[in-house]
Amino acid sequence: MNFPIALRRLGSLLCCTLLLSAWQCGGDEPGLDCLDGVVLGPDCGVAANAGYFIQLNRAIPEAQTQVNSTTGAAEYVISAINVPAAYRQAGRELSFRARLATQDELAALGPVITLCPQHGKIMYLENISSSPCR
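Counting in our numbering, the final residue of the sequence shown is number 170, and the numbers go up one at a time with none missing.
Derived by calculation from the structure, the hints in this document are not laboratory data.
Just so you know, not all the hints are guaranteed correct.
[What the hints assert, rightly or not] Listed next, with one range per pair, are the computed distances between beta-carbon atoms:
hint	residue 1	residue 2	range
1	Glu141	Gln91	34 to 42 angstroms
2	Thr106	Pro147	18 to 26 angstroms
3	Asp140	Ala110	27 to 35 angstroms
4	Ala109	Gly146	33 to 41 angstroms
5	Gln139	Val103	17 to 25 angstroms
6	Thr107	Ala143	35 to 43 angstroms
7	Gly108	Asp140	36 to 44 angstroms
8	Ser105	Glu141	28 to 36 angstroms
9	Thr106	Asn163	31 to 39 angstroms
10	Ser167	Ala95	30 to 38 angstroms
11	Pro97	Ile164	32 to 40 angstroms
12	Thr138	Ala109	15 to 23 angstroms
Note that the coordinates shown come from a computational prediction; the quantities given were computed from them, not determined experimentally.
Glycine residues also receive a C-beta, built at the ideal position from the N, C-alpha and C atoms.
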């Protein structure tokens, strides 16, 4: 057996194993895309009271950042269109995954009310639960 070739193959195998491990670790870990939130109330800027403001436990790029006037802390808020009826009360806690609502999902709501200011992107919730993220 040629020792330098075997050593090179072992090095290549080790390198590939490390790269594969790093790639897997950088992927979706359980709970990373899960968000915890609290319902703040209806979004009057979305058609037929279909949207609700939800304050998130952490920032995401789609959230609007605002400053709490009492505490001075940053708060992250989204507007979601498919909040189940059981969660449509201010103060209700929920966990979910969120994505931007599609044009078809928005069109199905009907015309948007223009009396209220637009508060950013409208989200669609998935995997809604009352259990907190892990």
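For each hint, the structure was consulted:
In this structure the hint that Glu141 and Gln91 lie 34 to 42 angstroms apart at CB is violated, the actual value being about 22 angstroms. For the pair Thr106 and Pro147, the beta carbons lie near 35 angstroms from each other, so the given range of 18 to 26 angstroms is not met. The supplied range of 27 to 35 angstroms is met by Asp140 and Ala110, whose beta-carbon atoms lie about 33 angstroms from each other. The beta-carbon spacing between Ala109 and Gly146, approximately 36 angstroms, falls within the hinted interval of 33 to 41 angstroms.
Distance hint for Gln139 and Val103: a CB-CB separation of about 32 angstroms, inconsistent with the stated range 17 to 25 angstroms. Range check, Thr107 to Ala143: about 38 angstroms between beta-carbon atoms, so the 35 to 43 angstroms window is met. Take Gly108 and Asp140: their Cβ atoms lie about 40 angstroms apart, and the range 36 to 44 angstroms holds. Remark: the range hint 28 to 36 angstroms for Ser105 to Glu141 is upheld by a beta-carbon distance near 33 angstroms.
Look at Thr106 against Asn163: about 32 angstroms separates their beta carbons, and that is inside 31 to 39 angstroms. For the hinted restraint 30 to 38 angstroms between Ser167 and Ala95, the CB-CB distance of approximately 22 angstroms leaves it violated. As the Cβ distance of Pro97 to Ile164 is approximately 21 angstroms, the hint placing it in 32 to 40 angstroms is violated. The given range of 15 to 23 angstroms is broken by Thr138 and Ala109, whose C-beta atoms sit roughly 33 angstroms from each other.
Hint check: violations occur at hints 1, 2, 5, 10, 11 and 12; the rest are consistent with the structure.
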